[in-house]
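J.: Given next are the chains, with one letter for each unit.
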Amino acid sequence: MTATTTDYLLHARDISKHYGAVVALRSASLAVRPGEVHALMGANGAGKSTLVKILTGAVRPDGGTITVRGKERTAHSPAEARRGGLVSVYQEPALIPDLDILSNLRLTETPIEPFRHWLEELGLPGLDLSAMARTLPLASLRVIDLARALAIEPDVLMLDEMTAALPANLTERVLEVLNGMRGGDKSVIFISHRMTEIGSVCDRATVLREGETVGVVDVDEHSAERIVELMLGEAVDQQEALAERHVVAPEQRKHAPRVSVRGVALHPRLRDVSFDLYEGEVLGVVALEGQGQDELFDVLSGWERPEAGEIYVNGQPVAFRHPADAIRAGLVYVPADRAEALLMQRSVKENIALPFSSRVPRWGWIRKRKEHETVTNSIEKLQIDTRAQGEVRRLSGGNQQKVTIARWVASGVETLLCFDPTRGIDIRTKNQIYVLLRELADSGAAILLYTSELSEIPLVCDRAVVIFGGEVVGEVDARHADEPTLLKAAHNIGTEKEAAEVVTETSTVPVGEEADGEEASQ
Amino acid sequence: MSVAETTPETRPAWFRPAAWANLFRERPIVPLLVILVVLVVLSEVIRPGIVSLNWAGVMVRAAIPLAILAACQTMTMLTGGIDLSVGAVASMTGFVVATLVNGPGLWTGIAVALAAAAVAGLINGIGVGVFRVHPLIMTLGMSLVVLGLANVWQLAMVQTGAGVPDLFRRVGAGMVAGVIPYSLVVFVPVAAWVLVTLNRTGYGRLLYAIGDNPVAARLAGVKAWQVLIVLYVISAVLAGIAGFLYSGLTNVASVTLVDSALLPSVAAAVIGGTSILGGRGGYGGTIIGALILTVISSLLSSLGYPEAVRQILFGSMIVFVAAAYARVTNES
Amino acid sequence: MSAAVTTPARAASGRTASIVSALRRSGWTLSLLGILAVLVAITKAIQPTFGAAGIQGLAISVMPLALASVAQAIAVISRGIDLSVGSMMALTSVVSASLMEDRGEGFAVAVVIGVLVLGLVLGAINGTLIVVTRVPDIVVTLAMLFVWAGCALLVMETPGGASAQWLRGLTLGPLVNEWIPKAAVVMLLVVAIVWIPIRRSRLGLSMYAIGSDPLAAFRSGVSVGRTKILAYALTGLFSAFGGLSLTATTGIATPVPGPYTLMSVAAVVLGGVSLSGGRGGVFGPIVAVVILSLLRTIMTFLNVNTNLATVVQGGILVGVVMVGSLIQLRRKRG
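If you read the sequences in order, they're chains A, B and C.
Take any residue in the first sequence, note its place counting from 1, add 119, and you have its number in our numbering.
Take any residue in the second sequence, note its place counting from 1, add 1369, and you have its number in our numbering.
Under our numbering, the third sequence has 261 at position 265, and the numbering climbs by one with no breaks.
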């Protein structure tokens, strides 16, 4: 990189951002030349979205500088960033649900004619502008959002997982439009998980890992490997902690499964998932973001009722109408987002003891001594730092996550559903959680673990099912799987050769509604 | 990594604003008591000789029904709700007993009045808990229904005549030796029950849990509708009891008697440190809040300030106190 | 979802389509108007003498609450709620009546303008307190309910004051035809002149936007805080109109707030404005107010206890909201 700052259209340096105890960005840098489509890559939680939000003024950084066309700039609001030529299309479309499209355009002062032009280019001609945003399918909203951004001709257009919810033909149109922008004087920052898309439209790629820029790669036919390498980083020496890990011997499998899932489906992304979960094992779920794993855990935890399929617990069919039913059947849930599971203003003790009181017969007098014993027990077991007992929100992210697990450990775990339990947690706590999960499994619990960090799968799991497009596409022996294999499995690619076919396959999976497909086929 | 770890601090604790903020957050009752004492001292300074045992008794007597109504607000606000039907329900119960005392008798009257209150609360609870109607709307609608029905009852009962029963007058307005209000007989058990329920029972925990984070409560297996139905019944019954005391204290039986106490009851809970967003607060602060409001009213009226000034002051206090709580609890 | 299909025929029918969708969007208001028509017919049937005079009386009695519910609707559309509407009406009413007493008709024009500005300021204070202190809307406006009511009592302790004759004349009597009450025309004109241009402006869109989805609004470049303050200022303005209408229709002012705050919340809900913000308009609530008032009239004609009318009003409020949320729950599941 010989270019100086002034050659860059946009240059962000050493951007950092903390949310309480969680570090979202440590030191991220990004330099975009005029006329290039620049990929921003990184594993889940690497800080891509935060960086984009900072660039567009939606979030204020703690530190770092941003220069646009050589001039330093800090946008305090999206409106300001927009005036400065930085516009983003977010994962959730920024259209007001209760306004029609025309009003949405007027709200953002978008010229209509260019908007219509881009809409046509993007494959949605003749859209009824008087339609309420609320009534349109997600895919259309994303395309409208993109067309709206293109219409005001921003210097830098940022696309956060733009293609994730789009059917194949719309994705193609989007990529064509992006290709058309290369070589001009405007640039695009493109975030995507799909390596083939990166290869087909991007000039360079900046890779983030754990909130830091770890490399900038010129995109060519060989760059994919390099990008994956950078995304993974050096394998942290976690293996030792779990060196003595117990492995479920095949003969133990002869027991009936603890939980059997058969053909479960739930709108919008879970289509048809079946697997068995045995006691004494940690079963991993390998999936890219948004392949239906969220819905799967919603169903198993009793949060949502499945639209199709059956669940059996110890051979008995169950129908969960409320998480209380799942808990009674022994299925307890640890969500990724601590804010979802914790009473942030209440004490550690109350948080751990919460499930004790949930049933009507337990509404009465609390036996403090007994409660104290149980709670202290699980606090010790999880090594929770309870110096800030008063309010859980004053604990670090790792300690908070331990509290959500301690809640279930306190009353004895049969089946534990962990959805990305180590998201945004420091390495030491992560290890403690891994060790705990192994211990629980060894003492007979059945554990289903989805994690966005693929390196955790061989570390903790015995087996793993691969979910892609809302369906189970394979099972891997987690103990002997390495990360690249898992990453390929998650992308549903066996070899590089198949990759080309996969593009179409990937994109035909309607992540949105059935309607999207219909719409696309017109 | 951990924000929990406190940095060693060399200055003495009382010197740090953070320590005060912490005190305000952890034990809001302490600054509230300070405010109360300041108000009492202020009363004595402004009107020397006003503060006496008898004055204190009168203050407590006036604060007790308000504190019971404010218990309804405290408990519902802890879950993120509010009960705007307490005014109508309290008026109704006092009135119903007054109309029945000369016919079927006092105890029948009390039973009928409390049963009617419980039904109103049950419907509130079903609306809020099962149908997910916003508590504001649900209890507002219920207050209209209760007021209308009480009026109908009033017309039907016009020939029998109405009078506040002696027992209510004695308990509501009487004082032992001119110092200790009789109404403590009602208030102490009620307050003790509310405090214990909120602090020492599983049910109380669930009220806080639902208000703090309904999603987390549901994930932990809490069925909110059960909790809410019981809650609004409790709230209505407490309001009914407050209604008895109000009719005894004022010796008036009217279907709109307690309406003017509705908003002060919310004010008492807010000043007492209960967050209207739920999950934070307690009844101890509310009791002090009710006392503070009563003392301010009395102070202002003894100074000859019109009702207007009292209202302006109440309003400003609510905004100020709520803003202070918001500031103290949001910093992290 | 065939919105994407384009054919010449479709393009030509675009205009019709937008009319159809506009009709669908105001479906709630239209069905309220239908109910209103039915109620008028029922009234006429059971009380054949109900005529022009009855409509006049209805229009005059409805005017203050209708304006209050317009005020409330604006706050609710922006994802707020204003419990101080009744107090602001009382305050603006007593200010206007006390200033107009024993003064000339010309001076009253200045008073009216001044009172409207006062309303804007009161509302802006409400909004600013909400935005700056970050205390929930409901708490701040509850507190301001006390404050503004106290101010009203400071201005005037007992009912009194007077209204300028031309102001009274604006609300009393018919216009052109005996069937057209002046009060209704004036009220609709006021609402239309103030609200419709705002509704169509970027400010109006921003108000709907922050009510519908504050995050998306922020990302679309809307200044959420400023919009909220302006919305509350408008609520104050319409409360001032309501206060003036109290002075004008009664000829005096009362310092004690009427039941307007709570009834306005009820009317707003019945009028199709979603309490979670972003949906509905100001005309639905006006129709809802007329319906509630007409129900009372009908029950009076039927010799039903008027208090049962209150019960019915409360029951309707709760019933409509319950059915509404039930439909929403269903939709979410389905």
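Calculated directly from the structure, the hints in this document are not laboratory data.
Here the structure is a predicted model, which is why all the values come from computation and not from measurement.
There could be a bad hint or two in this list.
As the list claims (entries may be wrong) - 27 Å max Cα-Cα, derived DSSO-like pairs, lysine-lysine:
id : chain 1 : residue 1 : chain 2 : residue 2
1  : A       : Lys468    : B       : Lys1592
2  : A       : Lys305    : B       : Lys1592
3  : A       : Lys468    : A       : Lys487
4  : B       : Lys1592   : A       : Lys607
What the hints assert, rightly or not - Listed next, with one range per pair, are the computed distances between beta-carbon atoms:
id : chain 1 : residue 1 : chain 2 : residue 2 : range
5  : C       : Gly53     : B       : Ile1415   : 48 to 54 Å
6  : B       : Trp1476   : A       : Ala427    : 55 to 61 Å
7  : C       : Val172    : A       : Pro233    : 47 to 53 Å
8  : C       : Ser27     : A       : Pro233    : 56 to 62 Å
9  : C       : Lys40     : A       : Glu239    : 52 to 58 Å
For every residue, glycine included, the Cβ atom is placed at its ideal position computed from N, Cα and C.
J.: Each of the hints needs a verdict: does it hold here or not?
T.: Results of checking the hints against the structure:
no.	hint	in the structure
1	A:Lys468 - B:Lys1592	holds, 21 Å
2	A:Lys305 - B:Lys1592	violated, 54 Å
3	A:Lys468 - A:Lys487	holds, 11 Å
4	B:Lys1592 - A:Lys607	violated, 42 Å
5	C:Gly53 - B:Ile1415: 48 to 54 Å	holds, 51 Å
6	B:Trp1476 - A:Ala427: 55 to 61 Å	holds, 59 Å
7	C:Val172 - A:Pro233: 47 to 53 Å	holds, 49 Å
8	C:Ser27 - A:Pro233: 56 to 62 Å	violated, 39 Å
9	C:Lys40 - A:Glu239: 52 to 58 Å	holds, 56 Å
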